[in-house]
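The task is simple: from the sequences and hints, build the whole structure.
Listed below are the residues making up each chain.
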Amino acid sequence: MSKSTARQYPAWVPYFFLLPFLSVFLVFIAYPMLLSATMAFQQNAGPGVSEPVGLKNFTWMLKDPAFWTAVKNTTIFAAASVFIQLPASLGLALLLNSERIKARGLWRMIFFAPVLVGLPFVAVLAGLIFEKNTGLLNVTLHWLFGFDVEFPWMQEFVMPALIVAAFWMYVGFNMIYFLAALQNVNKDLLEAAQVDGANAWQRFRNVTIPAIKPVAAFVILLSLIGSFQLFELPYLMLNETAGPENRGLTLVVYLYQQGFDRGDLGYASAVGWVLAIVLFGFAIIQRMTSKTSEADA
Amino acid sequence: MILLIALLSSVAIAFWPSDEHEGLVFWTFTRHHAQMYGPVIEDWNQQAEQADLEPIQMHVLSMGALNRRTQSGMWAKTPTSDLVEIERSSVAQFMAGPVDKVGFYDLTDRLQEEGIYDQINAPSFAPWSSRGRIFGLPHDVHPVLLCYRADLVEAAGIDVSNIKTWADFERAMAPLVSDLDNDGDTDRYALGLWYTAPQNVETLILQAGGGTFDEDGKPIIASEANARVIARMISWCVGPNRIAIDAPEFSPSGNELKLTGRVVAALMPDWLAGVWMNDMKDLGGKLKLMPMPAWEEGGRRTSVMGGTMLAIPKTTRDFDTAWTFAKELYLSEDLAEQLFVSNHIISPVVDLWDKPFYQEKQPFFSGQQSGLMYIEQAPHVPYRSSSPYHQIALQKMMDAASGLKDYAVKNNTYDPDALFPEAKRLLEETESLIKQEMSRNVFIAGQSAGGGGDE
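These protein sequences, in sequence, are chains A and B. So for the first sequence, my numbering puts the first residue at 1; every next one is plus one. So for the second sequence, my numbering puts the first residue at 1001; every next one is plus one.
Derived from the structure by calculation, the hints contain no laboratory data. Model, not experiment: these values are computed from the prediction. It is possible that part of the hints are untrue.
In silico EDC-like pairs for lysine to aspartate or glutamate, Cα to Cα no more than 16 Å straight-line [stated by the list, open to error]:
| id | chain 1 | residue 1 | chain 2 | residue 2 |
| --- | --- | --- | --- | --- |
| 1 | B | Lys1327 | B | Asp1151 |
| 2 | B | Lys1424 | B | Glu1224 |
| 3 | B | Lys1286 | B | Asp1151 |
| 4 | B | Lys1435 | A | Asp64 |
| 5 | A | Lys63 | B | Glu1437 |
| 6 | A | Lys63 | B | Glu1429 |
| 7 | B | Lys1314 | B | Glu1114 |
| 8 | B | Lys1424 | B | Asp1406 |
| 9 | B | Lys1327 | B | Asp1109 |
| 10 | B | Lys1410 | A | Glu156 |
| 11 | A | Lys56 | B | Glu1437 |
| 12 | B | Lys1101 | A | Glu51 |
| 13 | B | Lys1355 | B | Asp1334 |
In structure tokens, the structure reads:
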């Protein structure tokens, strides 16, 4: 930019244009963050009633078995997202990227459709599917194999039921990311590899995977963050509870229970900060991995 | 351009005329209540015009929204409603802080001074009291009876007058637990209840003299009564002598089980009788009520399930009018009649219990005087805790029940006496967890009732 162009604007102009964002950021993000950082060291009965408790919220968190149950359940869900849901999304994307599949647009639409109807709908529908006695799953299994229609999926297999519901919801969503990445894979490279005698697996491993790696890393990060923020699905499927023996308790449900059912916003803030630090850690790892990949490339 | 739009929209919002609330705002969480209150509010509003009183605006909100909005308003000290109905399962969240910081007006002194306390069935105040102070006017009593399929029971030649205890019930109803389609699976069960349903668990432990907290706010989670009930419930729900099926209320699957005769008997508070009368008309004339079987000979034949209070948030702009309306609504004979006729709920106002509408024979319950049957049990409903830890304790007790079920299945042990020691151990663990959690609460630790956090 030349000096003459720069002189056309007074120095305060950029700050003026930043003002709308900054005011929203300060009021709705920075101030609540600051307040929650303070509250994490208090016990509350609503925001108006507080007592400083030092580090007791954090020490209690470490001692509370429910917190560790929430950590375990959330980790299981995140692992299922990364190791089951994302490979399935990639598989679907590969399939629907193939020119041999007819009506690809329709199939893409079908797999993406659960995202359009929304999480509450999926949660309610999944709850009905897993219901005892009249649920679609039990009735079908009973009809096919004489399975016990009273089998309580939402009591005995809470996390698998949540994972299946989330799979249905998000497999098509993540498929779109992979599909976009696959469509950007250099076809010349694939053809060159084929000419050089590489089989389908070798082409996928040595050409496709490196090409989609940045997108895959991004999708993994999104999935991890989304998994650690899991709330609506268990909350709706388990009728606003965490299920028997906290089998469906996730970190955000735990945070919500503490903050809004018990009114201890201080403790909920402490849980929120622990969660934020964990997610920040994932983001750092993703950044480092991306930089390593870029350096390798 | 973006900045201009932002500025214009901000100015527009700032000056946009908002909906002005004329009069006092009253929130309820069910349309059934709203339908009953409609005529009373209409009368009030007509009188209000002449007497220069504030009219009442009633709104029906879903229970979750009502609780969140009330709580948020109290926290932010912004106006929400002037009167609000709170359901039993939600009340604990409003009682968690110091007693003087509870967001509802303390009505204790007014109730005593105006003689209302003596007019109302005493146990009905318990759920709405915290640390000796009363924060709401009770809407109901909700005594529980046992409802059974008279057509099936009488056809099997069972005389229910011989059923005095749960052990009698098990023995008498055993022949009705049967495989109706000869496919090898049991289809019909004697009882519709389940160990994971909080209302079922609470109703039975209260009947047995157990509960979550005593009147001084001390945990009684690991009491013998609770352990005995949970052990017995597990023996009802699993194992070779199973007599119960999970037939939840307000669910299509639960209703289907009841309508098709797969459930012989169920716990029946007065409000649920109203729900069945409205939602399952096909059962009309096939049902009868009886006092609940006791846990031991001569024991309590009723319990209590659910409940609602009318409270006045401290953010109301006119307490006196809200209080006058609250009394007119909840103490009115007309409303008591409406409450019973439309929802089969009996009023907590003792003076009204001899009114003729309670004496009427109900065709739905095979011509029984069901109102009278509920009133007979009303004075005997057990004490219920209002501890802020009640719901948590109840939830954890159900977790203990789930743990006991797993133990029973793993060890192939279904006899309630054999399950009792494990039930006691699990409940002791639960009580210890609750005590630890209570000890964290700096606001109620050491306070006389509703707390007990000095462990």
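Verification of the supplied hints:
no.: 1; hint: B:Lys1327 with B:Asp1151; verdict: violated, 43 Å
no.: 2; hint: B:Lys1424 with B:Glu1224; verdict: holds, 7 Å
no.: 3; hint: B:Lys1286 with B:Asp1151; verdict: holds, 5 Å
no.: 4; hint: B:Lys1435 with A:Asp64; verdict: holds, 12 Å
no.: 5; hint: A:Lys63 with B:Glu1437; verdict: holds, 11 Å
no.: 6; hint: A:Lys63 with B:Glu1429; verdict: holds, 15 Å
no.: 7; hint: B:Lys1314 with B:Glu1114; verdict: violated, 20 Å
no.: 8; hint: B:Lys1424 with B:Asp1406; verdict: holds, 15 Å
no.: 9; hint: B:Lys1327 with B:Asp1109; verdict: holds, 15 Å
no.: 10; hint: B:Lys1410 with A:Glu156; verdict: holds, 14 Å
no.: 11; hint: A:Lys56 with B:Glu1437; verdict: holds, 12 Å
no.: 12; hint: B:Lys1101 with A:Glu51; verdict: holds, 13 Å
no.: 13; hint: B:Lys1355 with B:Asp1334; verdict: holds, 11 Å
In the structure shown, a violation is registered for the earlier hints numbered 1, 7, in ascending order.
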